[in-house]
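Just so you know, the sequences run in chain order A and B.
Count along the first sequence starting at 1, add 1, and that's the number in the working numbering.
Count along the second sequence starting at 1, add 472, and that's the number in the working numbering.
Honestly, the hints are just simulated from the structure, not real lab data.
Just so you know, not all the hints are guaranteed correct.
Cut-off 30 Å, straight-line C-alpha distance, at most; resulting in silico cross-link-like pairs (DSS-like, lysine-lysine) [what the hints assert, rightly or not]: (1) B:Lys554 / A:Lys305; (2) B:Lys636 / B:Lys481; (3) B:Lys538 / A:Lys305; (4) B:Lys664 / A:Lys305; (5) B:Lys549 / A:Lys10.
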Amino acid sequence: MRRPNFLKKTPLAWLQVTRERTRLMVAIAGIAFADMLIFIQMGFEGALYDAAIQPHRNLQADLVLINPQMQTLFSVKSFPRNRLYQTLGHPDVASVSGVYIATGQWKNPATTQERAILVWGIDPANPSFKFPEVNQNLNQIQPLNQVLFDQAGRPEYGLTATEFEQTGAFATELNDKRVTVKGLFTNGASFAADGNVIASDSTFLQLFPSRSPDQLEVGLINLKPGADLEQVQAALAAALPNDVLIGSPEDFAQIERDYWANGTGIGFIFGLGVGVGFIVGIVIVYQILYSDVSEHLPEYATLKAMGYTDNYLLGVLFQESLLLAVLGYLPSIALAFGLYQLAFSATMLPIAMTTRRAITVLILTIMMCSISGGIALRKLRAADPADIF
Amino acid sequence: MSPIITAQKLSHHFGEGRLQKQVLFDIDLEINSGEIVILTGPSGSGKTTLLTLLGGLRAAQSGSLKILDQEILGASKRALIKLRRNIGYIFQAHNLLSFLTAKQNVRMSLELHPHFLGQDLDAVASDMLTAVGLGERIDYYPAELSGGQRQRVAIARSLASHPKIVLADEPTAALDKQSGRDVVEIMQRLAKEQGCTILLVTHDNRILDIADRTLYMEDGMLMKPPSLGLAA
Numbered sequence: 002m003r004r005p006n007f008l009k010k011t012p013l014a015w016l017q018v019t020r021e022r023t024r025l026m027v028a029i030a031g032i033a034f035a036d037m038l039i040f041i042q043m044g045f046e047g048a049l050y051d052a053a054i055q056p057h058r059n060l061q062a063d064l065v066l067i068n069p070q071m072q073t074l075f076s077v078k079s080f081p082r083n084r085l086y087q088t089l090g091h092p093d094v095a096s097v098s099g100v101y102i103a104t105g106q107w108k109n110p111a112t113t114q115e116r117a118i119l120v121w122g123i124d125p126a127n128p129s130f131k132f133p134e135v136n137q138n139l140n141q142i143q144p145l146n147q148v149l150f151d152q153a154g155r156p157e158y159g160l161t162a163t164e165f166e167q168t169g170a171f172a173t174e175l176n177d178k179r180v181t182v183k184g185l186f187t188n189g190a191s192f193a194a195d196g197n198v199i200a201s202d203s204t205f206l207q208l209f210p211s212r213s214p215d216q217l218e219v220g221l222i223n224l225k226p227g228a229d230l231e232q233v234q235a236a237l238a239a240a241l242p243n244d245v246l247i248g249s250p251e252d253f254a255q256i257e258r259d260y261w262a263n264g265t266g267i268g269f270i271f272g273l274g275v276g277v278g279f280i281v282g283i284v285i286v287y288q289i290l291y292s293d294v295s296e297h298l299p300e301y302a303t304l305k306a307m308g309y310t311d312n313y314l315l316g317v318l319f320q321e322s323l324l325l326a327v328l329g330y331l332p333s334i335a336l337a338f339g340l341y342q343l344a345f346s347a348t349m350l351p352i353a354m355t356t357r358r359a360i361t362v363l364i365l366t367i368m369m370c371s372i373s374g375g376i377a378l379r380k381l382r383a384a385d386p387a388d389i390f
Numbered sequence: 473m474s475p476i477i478t479a480q481k482l483s484h485h486f487g488e489g490r491l492q493k494q495v496l497f498d499i500d501l502e503i504n505s506g507e508i509v510i511l512t513g514p515s516g517s518g519k520t521t522l523l524t525l526l527g528g529l530r531a532a533q534s535g536s537l538k539i540l541d542q543e544i545l546g547a548s549k550r551a552l553i554k555l556r557r558n559i560g561y562i563f564q565a566h567n568l569l570s571f572l573t574a575k576q577n578v579r580m581s582l583e584l585h586p587h588f589l590g591q592d593l594d595a596v597a598s599d600m601l602t603a604v605g606l607g608e609r610i611d612y613y614p615a616e617l618s619g620g621q622r623q624r625v626a627i628a629r630s631l632a633s634h635p636k637i638v639l640a641d642e643p644t645a646a647l648d649k650q651s652g653r654d655v656v657e658i659m660q661r662l663a664k665e666q667g668c669t670i671l672l673v674t675h676d677n678r679i680l681d682i683a684d685r686t687l688y689m690e691d692g693m694l695m696k697p698p699s700l701g702l703a704a
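The following block holds chain B by itself, in its conformation from the complex:
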């Protein structure tokens, strides 16, 4: 299998001059197509920064980062925006547009892709919502849905356009155990169906088992998880 994400000696700084602080140190990373990878580690370790770099939300500074066979270091803003359209995002907060129904929220992601405009967008969006178990709540507004349901709409939104990569940041953090479990299982199932790669940042030990591989990050460096180190 070919790597879909390749990072080599990827470093990142925040701030300028004397206040400059390095948050990522020489990250080497390969994620293959169709893999489900969980990235874990203490807060402040740089997980989210890495995720924003992988998603094209931040410009890379040094090293090399290839996503979908495209070098991100030094890429133009336009190229980054184009890249973002091939990546699905799931945030800790669902970030659904409150003035749109579940269906309209899913449509917003479909409308970015010209080839969907030839299809019945409402039908595609409805099918996607049915796939996440919200077939009965297609025309509900986010305010009328529970936390778990909102997160499922967010999953439908991010996966509807069949992205190659899905990046998720603490998607279960605001959910109870059962809803959290449902949400990751839906993600897992759809990703396998679509052959999509998932990188999931989480603190939540309850969902580690869905991953093909678990990465551990501390102080801006990828390393072996401490517990595994003891066991070895």
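Just chain A, same shape as in the assembly:
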């Protein structure tokens, strides 16, 4: 097969970029640094959001019922339990169960320091969560004042997994009442809660005596096999009064996510971090391209005198920026994987690379380099072949 003509031509951009090793290394390091900044910011932002909605996503339900005012676990709102029972009237609803949520005070027995913790009261007869460790240990929380503890919470609660596994029991006070930890599960700390405790609904009502059993925070609805989820949701939404909101667990999670992303400064702060990384990248790539163009200006003018068009040279500059973008991006994504792993083991935040983020950063890098190329281009236009004689 004959090679197409463009493959026979000298790859000017590649040769120029790779000829000066030191400058190339500096360029790659600079772009990789900017990309790392962006990856870290996006990683932490995503992790913090994911941590905030981790419990929502682990609810064992097809549909959930909440108070329309409820935006975040940090400040829960309740609704009448009867609304949940009303949904049983729909022929496709198989079962329902209520979840109580409140913030309690957990005492670290070693330091006697109290710390806020999110307490979940669930029906111990049915699985309310998808966590296998919780469902295996439901019988453990049936007796009063026995709870399951989130081992991925902050260490300040005074309970470590290794110690617990050795002794098999951990006793402390929750809201000044004696409780015993009977099992562990893994959820993780978030904005709303430094830690989580799961108890039976009866234990919950004992720990929070002011709470009425008729007011729930979340209602879990499970449908019969083969039921059309959207249809049931629409029918229930139409039948229920406006004091409750019905949606999938993911809808519930997105409400929480939106609260932290838009209702607080967090989205802005991380966005700013990404923006700074982006600008740092533009400046670095611009410096590289500008000095490349300046140094080779008479040579570029010679190319024009020989009959190369402006567009050819613009193409070379654009290819250079693309090459730098890709060459800088590759090490940055490898480093980001490592840093995410490091951050995960240090903070227990659910920080991980996603395809979506990898692609977003690649596109940002290409934009970054194109913008720099666009600025450096003005210098290239100064290459006038009439000036070199």
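Fit chain B to the known structure of chain A by using the hints.
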């Protein structure tokens, strides 16, 4: 022989309004195909401006200038770029691309011509470099070559695509006597082989003998060289 370059009443100005300065005055010039012409004269006399006009590097302003049977006055930018591909240039500074080897630099001029793309470009470029006596240094970078060798690469680059016209501006100015002599002799030999026309601007008296004809320019006008005027 038919003229390959014809200028009639060619004038050129720099600047605008009151700062306008005329640098070329009614130049009449004919250069025939295959001629080697040397253009000499004091600095600031307009030689280089004339050269850039002939090379299509500058738009002509008034008079008439025909190169390769094409009127340059009022020609489009696109037409000028096309014209440039049929003209070889040799500059005082070699202006080789520093990040390309000698061979790759020569290739850059070949790649402008679609008919070369069907051939083995590396072989054509290597042959050309061998013809200028650099057969052993084909894959050297400009930084690894001497001044004379670089200028020879520049000659190989400008002549590789067999241009009809070669314009050279002080090609020997930065070279020692022997290298300068070698460079112009190579130019002369290749131009004769290819039937190519050369217009060479120079101050260098040592190379005047290679020319078929010598033109003298002063204050933007072509005239008889002063020394010849005295002798006549």
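The hints, checked one at a time:
{"no.": "1", "hint": "B:Lys554 / A:Lys305", "verdict": "holds (11 Å)"}
{"no.": "2", "hint": "B:Lys636 / B:Lys481", "verdict": "holds (24 Å)"}
{"no.": "3", "hint": "B:Lys538 / A:Lys305", "verdict": "holds (21 Å)"}
{"no.": "4", "hint": "B:Lys664 / A:Lys305", "verdict": "holds (27 Å)"}
{"no.": "5", "hint": "B:Lys549 / A:Lys10", "verdict": "holds (24 Å)"}
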